[in-house]
Amino acid sequence: MSDTRKIDRADSRVREDTGLAGAARGFLDQVKSGDLGILPVILGLVVIAVVFTWLNPIFMRPQNLTNLLFDAAAVGLISLGVVFTLMLGEIDLSIGSMSGVASAILGVLWVNAGVPWPLAILAAMLAGAVTGFVYASLLNKFGMPSFVSTLSGLLALLGLQLYLLGNSGSINLPYQSFLIRFGQTMVMPGWLSYLVALLPGIVIFALGLQTRQRRADANLSVPAWSVLIVKAAGLTAILLIAVWYLNLGRGVPWMFLFFAVLVAGMEYVLTRTKFGRSIFAVGGNREAARRAGIKVERIRIYCFMICSTLAAMGGVLAASRLASASRQAGTGDVNLNAIAAAVIGGTSLFGGRGSAWSALLGVIVIQAISNGLTLLNLSSSLRYMILGAVLALAVIVDSLARQSRASNGRA
Amino acid sequence: MADQDSGPILKLSGVSKQFGAVTALDNIDMEVRKGEVVALVGDNGAGKSTLVKILAGVHAKTSGTIHFQDREVEIGTPGRALELGIATVFQDLALCENLDVVANLFLGQELGPWRLNEVEMEVRAWTLLEELAARIPSVREPIASLSGGQRQTVAIARSLLLDPQIIMLDEPTAALGVAQTAEVLNLIERVRDRGHGVILISHNMEDVRAVADRIVVLRLGQNNGVFGPDATQEELVSAITGASDNSVSRRAKARSAAAEPKEGVAT
Ligand SMILES: Nc1ncnc2c1ncn2[C@@H]1O[C@H](COP(=O)(O)OP(=O)(O)OP(=O)(O)O)[C@@H](O)[C@H]1O
Ligand SMILES: [Mg+2]
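Chains as they are written, first to last, in our numbering: chain U, 1 to 411; chain L, 1 to 267.
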């Protein structure tokens, strides 16, 4: 440490958290005050892995985990979208039906009308964007709570899905097409998956270096080397082990990489852009955001559009996973799984707190439970009950953490 | 001090505001010139904050006109007010508790919209806070963890960010310590010396008389006189409460009366 006080360390009351010990202490403080971060996810995954492997050893086999990732991508995209409405303190309950409509649009346009599939996907996404715009407008113009507008939207979209599919009830998608292979079989070549696994660590390290340099130039305190190195190296190690394990079986699905890249992009939007900052502000204190000159209504429109559009993309992925567009698509537990995933991952239902990562982490937890229960040959009645309980648990944790944060002065 | 030759930067004529059946403001006239501190005083519920909110674009006025730099303007949104150069410290501060100090200071005015420049924002945040002699340990803590006075300092710092033409402070020193209050009064004088206008709302007559060039009294939503900084306490109190025989003067009388009889007994 240099002798000259850094600008942001001038106040003697600030504890200097240097090095790894400091980082660990800071993390403990955070957890104690109700800022749980990814702790519930890690705990959840460990418990799930132990219990399900004990019940059925197939659960931890690489082939099954690859399957799990294939399944996770579709719900994950839907969940990523709903993060944007949850961040505002709003909700979209029609994401499941939206994904169902999207798969129906894909089937009807591509198979029945012979439109090239990229165009059909665009049409499905457009339908999503319009739906989101309608919800946001209902909220902006009439003050209609999103809870109500999206609940009625759920029914309307379900009707649209049934109408589009007509009497046949389901449309089979061409097996040999790229889209279906993408959704069912395409995995990354081994060497490429290792390279990609190195990437996040390298990016974190490079950005960390840059931040250190710029903070040092501005005479601000600089985060410790050790923390940066441990973070980057730890993440790289975890990813390499995961990739190695998956490659023992079928490998890493392209579809999951696609999802992960979108998550990283959205995380950038939420944390590094003015737009993302405005989303946090509107979710935290709408009136304060308005008085700061933020166009609250516009932010809502964008967020609801992002939500429904991603739900539509999730529907397309789900259709390609199943190679069909059916009446069942997007019904059942899709809605709640997507919302639960976001909440489990750490996005608050109360607005103003959350991240894109929460969708990725949460969906892995949800899919793991769902996959494990399927392996046990449990009927969907039991599966629904258990997943319902998991969602309730996630929300309880969210509420308790929120109360704890309030009493510890961390919003 | 106040530049008497040039026209006012801000001029309100006949501004009224109706909240349903309640007339919060009735036909208010007021002006602020370049390099002038105007104090706005009045009892609780007199309509001071309502007036400030109209000028900040938070509420729409019911009738009347507002001229800003000799042009008639409609201040329809808070964004419009900021664009014109009217910055406000609200009585309820209007901060986002979930965001840290830097994010709150730069809310809506972030540097680098597509790639936030956190380092530059943090440095400027420290500079602004230093000017106010702020006692804030860390600018990376969420606002929720700050004390009332620290929050007030953040709100004041935020209003200075854009170098506004007019700055409106709604009871800015209510929660501040001795040193911070003095800094805010210094700051008001600095802003005035730069040729900008200040509207200050305060219940502390000492502070008001210390910095104000004019004191505008509101009572029950109406203009009730304009005074110079040399106005006596009694004059101000009677304008604020609307009578020379008011609870404040009765208290003063009662106290001096309580002091006098003792001498009477002694003789
Ligand atoms: N949003 C609102 N809706 C309805 N009435 C309101 C609203 N805001 C203010 N009022 C009313 O307008 C009147 C003036 O309120 P205002 O907040 O301007 O008072 P003030 O002078 O700032 O008082 P204080 O010194 O207590 O801050 C009050 O009678 C209040 O009840
Ligand atoms: Mg007030």
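Derived from the structure by calculation, the hints contain no laboratory data.
Note that the Cβ used here is the ideal one computed from N, Cα and C, for glycine as well.
Among the clues, some could well be false.
[As the list claims (entries may be wrong)] Estimated spans, in silico, between C-beta atoms of each pair:
id, chain 1, residue 1, chain 2, residue 2, range
1, L, E130, U, I396, 42 to 48 Å
2, L, R194, U, V296, 29 to 35 Å
3, L, R194, U, V203, 29 to 35 Å
4, L, G148, U, N140, 48 to 54 Å
5, L, R194, U, I396, 18 to 24 Å
Hint check:
{"no.": "1", "hint": "L:E130 / U:I396: 42 to 48 Å", "verdict": "44 Å, holds"}
{"no.": "2", "hint": "L:R194 / U:V296: 29 to 35 Å", "verdict": "32 Å, holds"}
{"no.": "3", "hint": "L:R194 / U:V203: 29 to 35 Å", "verdict": "45 Å, violated"}
{"no.": "4", "hint": "L:G148 / U:N140: 48 to 54 Å", "verdict": "33 Å, violated"}
{"no.": "5", "hint": "L:R194 / U:I396: 18 to 24 Å", "verdict": "54 Å, violated"}
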